[in-house]
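Trainee: Take these sequences, add in the hints, and give me the full structure.
Each chain is listed here by its residues.
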Amino acid sequence: MIHFDNVSKRYPGGHTGLAGVSFRIEPGEMVFLTGHSGAGKSTLLKLIGLLERSSGGQVHVNDRNLTRLKNSQIPYHRREVGMIFQDHRLLNDRTVFDNVALPLVVSGMGYKEISRRVHAALDKVGLLNKEKAAPITLSGGEQQRVGIARAVVSKPPLVLADEPTGNLDPKLSQEIMELFGWFNQVGVTLLIATHDLDLISRMDKRILTLSNGQLVQDTGETQ
Amino acid sequence: MSKSRNNTMRRRPGFRPDIWLQRHLQVALASLGRLTNAPLGTLMTTAVIGIALALPIGLHVLLNNLQNVSGGWESGASISLFLKQEISDKQATALSKKLRLHQRIESIQVISKASAMAEFRRLSGFGDALEALDSNPLPALLVILPKSKYSTPETAQLLVRELGLLPEADIVQLDLQWVRRLQAITEIAQRAVLVLATLLGLAVLLIIGNTIRLEIQNRHAEIEITKLIGATNGFIRRPFLYTGLWYGLFGGIIAWLLVAISILLISGPVAQLAMLYQSAFDLSSLDITTTLLLLTGSAGLGLLGSWIAVGRHLSAIEPS
Numbered sequence: 015m016i017h018f019d020n021v022s023k024r025y026p027g028g029h030t031g032l033a034g035v036s037f038r039i040e041p042g043e044m045v046f047l048t049g050h051s052g053a054g055k056s057t058l059l060k061l062i063g064l065l066e067r068s069s070g071g072q073v074h075v076n077d078r079n080l081t082r083l084k085n086s087q088i089p090y091h092r093r094e095v096g097m098i099f100q101d102h103r104l105l106n107d108r109t110v111f112d113n114v115a116l117p118l119v120v121s122g123m124g125y126k127e128i129s130r131r132v133h134a135a136l137d138k139v140g141l142l143n144k145e146k147a148a149p150i151t152l153s154g155g156e157q158q159r160v161g162i163a164r165a166v167v168s169k170p171p172l173v174l175a176d177e178p179t180g181n182l183d184p185k186l187s188q189e190i191m192e193l194f195g196w197f198n199q200v201g202v203t204l205l206i207a208t209h210d211l212d213l214i215s216r217m218d219k220r221i222l223t224l225s226n227g228q229l230v231q232d233t234g235e236t237q
Numbered sequence: 004m005s006k007s008r009n010n011t012m013r014r015r016p017g018f019r020p021d022i023w024l025q026r027h028l029q030v031a032l033a034s035l036g037r038l039t040n041a042p043l044g045t046l047m048t049t050a051v052i053g054i055a056l057a058l059p060i061g062l063h064v065l066l067n068n069l070q071n072v073s074g075g076w077e078s079g080a081s082i083s084l085f086l087k088q089e090i091s092d093k094q095a096t097a098l099s100k101k102l103r104l105h106q107r108i109e110s111i112q113v114i115s116k117a118s119a120m121a122e123f124r125r126l127s128g129f130g131d132a133l134e135a136l137d138s139n140p141l142p143a144l145l146v147i148l149p150k151s152k153y154s155t156p157e158t159a160q161l162l163v164r165e166l167g168l169l170p171e172a173d174i175v176q177l178d179l180q181w182v183r184r185l186q187a188i189t190e191i192a193q194r195a196v197l198v199l200a201t202l203l204g205l206a207v208l209l210i211i212g213n214t215i216r217l218e219i220q221n222r223h224a225e226i227e228i229t230k231l232i233g234a235t236n237g238f239i240r241r242p243f244l245y246t247g248l249w250y251g252l253f254g255g256i257i258a259w260l261l262v263a264i265s266i267l268l269i270s271g272p273v274a275q276l277a278m279l280y281q282s283a284f285d286l287s288s289l290d291i292t293t294t295l296l297l298l299t300g301s302a303g304l305g306l307l308g309s310w311i312a313v314g315r316h317l318s319a320i321e322p323s
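If you read the protein sequences in the order shown, they are chains A and B.
Positions in the first sequence are counted from 1; adding 14 to them yields the numbering used here.
Positions in the second sequence are counted from 1; adding 3 to them yields the numbering used here.
Be aware that a few hints might be false.
[What the hints assert, rightly or not] Over 10 Å on every C-beta distance to chain B, these chain A residues come out as not near it, computed from the model:
hint, residue
1, 30
2, 91
3, 100
4, 107
5, 131
6, 143
7, 215
8, 232
[Said to hold, decoys possible] Computed, partial: chain B to chain A, Cβ under 8 Å:
hint, residue
9, 229
10, 231
11, 232
12, 234
13, 238
14, 240
For the record, the hints were derived by calculation from the structure and aren't laboratory data.
Where is the CB? At the ideal position from N, CA and C, for every residue including glycine.
Mentor: Have a look at this one:
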């Protein structure tokens with residue numbers, strides 16, 4: 015599903031984001047990405063979602079060589095990668111329903127199908143009764159779940175999450191993780207960046223650890 | 004390194020025209036709704052566009068009216084053919100009968116030596132002096148009205164030249180000089196209006212471009228998030244293009260209203276003036292063609308202005 019081959023990312027000004035990172039994630043895996051802040055977790059996720067391009071090495075996602083992907087093709091790539099952010103990145107002037115519907119609207123789906131899928135996604139994250147609410151009126155945990163619903167509503171094969179529990183208390187974090195576990199069970203590949211070691215130690219999943227832009231530990235594929 | 008060729012993706016998964024149309028309609032209405040959410044700002048922007056457009060359009064309508072009036076005068080212009088002194092009234096009448104068959108001549112009025120004399124006596128006040136003359140010094144005159152097809156200055160001039168070649172002809176006069184001058188002035192005015200229209204059209208383009216630029220700035224976060232989710236540039240561009248289109252269209256409608264009201268306001272005095280000249284001249288307002296041209300033109304300007312702004316500023320926003 016994801017294949018990094020000696021990938022590096024240098025930023026203008028000399029700062030190194032990643033240096034010679036290689037790993038492979040198979041379809042259906044659930045993997046945690048951890049490391050101190052500034053270790054390169056976000057950079058790695060950004061390369062997968064093509065928010066940034068690598069400066070060296072090859073990145074393959076879904077059998078697609080991202081290094082050679084044209085800019086005009088990026089939107090179609092992003093539709094196959096659900097992304098979840100610490101700050102949710104919701105549109106505050108739209109309802110929960112509209113926020114979750116956005117990926118489907120963008121890909122040109124009909125209203126009936128959109129409505130059906132959005133309700134299914136909201137039901138999954140337990141927010142079916144909040145579909146008409148404005149995101150700003152929801153709690154942090156609820157907003158994060160809206161973000162998750164938006165990431166999975168188009169049924170992407172791969173979901174990335176960047177510190178999804180960063181602002182949540184342990185109980186809510188646990189709920190979010192259980193949700194991810196459920197998605198993983200239905201076949202979604204997940205890559206979750208977090209520095210909450212306590213949380214991931216309880217999950218018994220593969221862990222990639224980054225330090226100063228280098229992959230220093232890979233617990234290997236579980237199961 | 005993988006040799007996969009899967010870099011090509013399904014571009015439009017199941018493209019459906021009905022959904023496409025539905026989406027466009029939705030975006031058009033949504034951008035309209037956004038404009039009505041801030042009615043004061045929208046009104047001010049559209050009013051500026053409207054005033055900028057009303058100026059050249061109003062002048063254009065006025066010039067059209069002027070041309071209508073002077074056009075009437077021009078076709079009324081007749082050719083005065085003064086015959087040689089030795090040509091008698093009888094000969095003059097015979098000549099007029101011959102000329103009446105000419106394909107370019109509509110009608111001929113013969114003014115005999117005697118009636119010319121009578122008119123001169125009546126109007127000049129030299130009646131007593133004329134009594135002293137033993138013969139009538141005035142020539143006979145044919146007042147010739149060209150057919151309307153041949154009454155433009157150029158074609159009438161041809162007729163004048165032809166008439167001048169007649170053996171009976173002494174002087175041929177086409178009293179069109181002042182009509183021509185007026186025409187030249189209107190032509191200059193028309194050019195000026197065109198220049199003005201171009202400049203103000205450019206101004207409208209800039210106004211809309213700047214408004215859309217601000218709108219893009221205001222919706223920076225939204226654009227970023229939509230890109231993150233896989234929106235194409237076309238998808239993101241669409242609402243801004245519709246916004247520009249609406250601005251242009253509403254500006255055009257305001258311009259139309261301004262011109263129509265202005266014409267209504269001056270049509271009263273104009274009618275009074277026309278009455279003083281015993282003319283049935285009626286000030287014409289915006290016709291259908293001009294109206295359609297104005298509205299499509301202004302909407303087009305709006306679209307173009309936003310297109311330029313969107314092209315310049317949208318690509319600069321990339322999610323991070």
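Trainee: Could you run down the list of hints and mark each one as holding or not?
Mentor: Going down the list of hints, with the structure as the test:
1. 30: Check passes; 18 Å lies beyond 10 Å.
2. 91: Since the minimum Cβ distance to chain B is about 7 Å, residue 91/A lies within 10 Å and the statement is violated.
3. 100: Residue 100/A is indeed farther than 10 Å from all Cβ atoms of chain B, at 14 Å.
4. 107: violated, 8 Å
5. 131: holds, 14 Å
6. 143: holds, 24 Å
7. 215: holds, 30 Å
8. 232: At roughly 20 Å from the nearest Cβ of chain B, residue 232/A sits farther out than 10 Å, so the non-interface label holds.
9. 229: holds, 7 Å
10. 231: OK, holds: residue 231/B within 8 Å of chain A, min 6 Å.
11. 232: Check passed: Cβ of residue 232/B comes within 5 Å of chain A, closer than 8 Å.
12. 234: holds, 4 Å
13. 238: holds, 6 Å
14. 240: Violated: closest Cβ of chain A sits about 12 Å from residue 240/B, beyond 8 Å.
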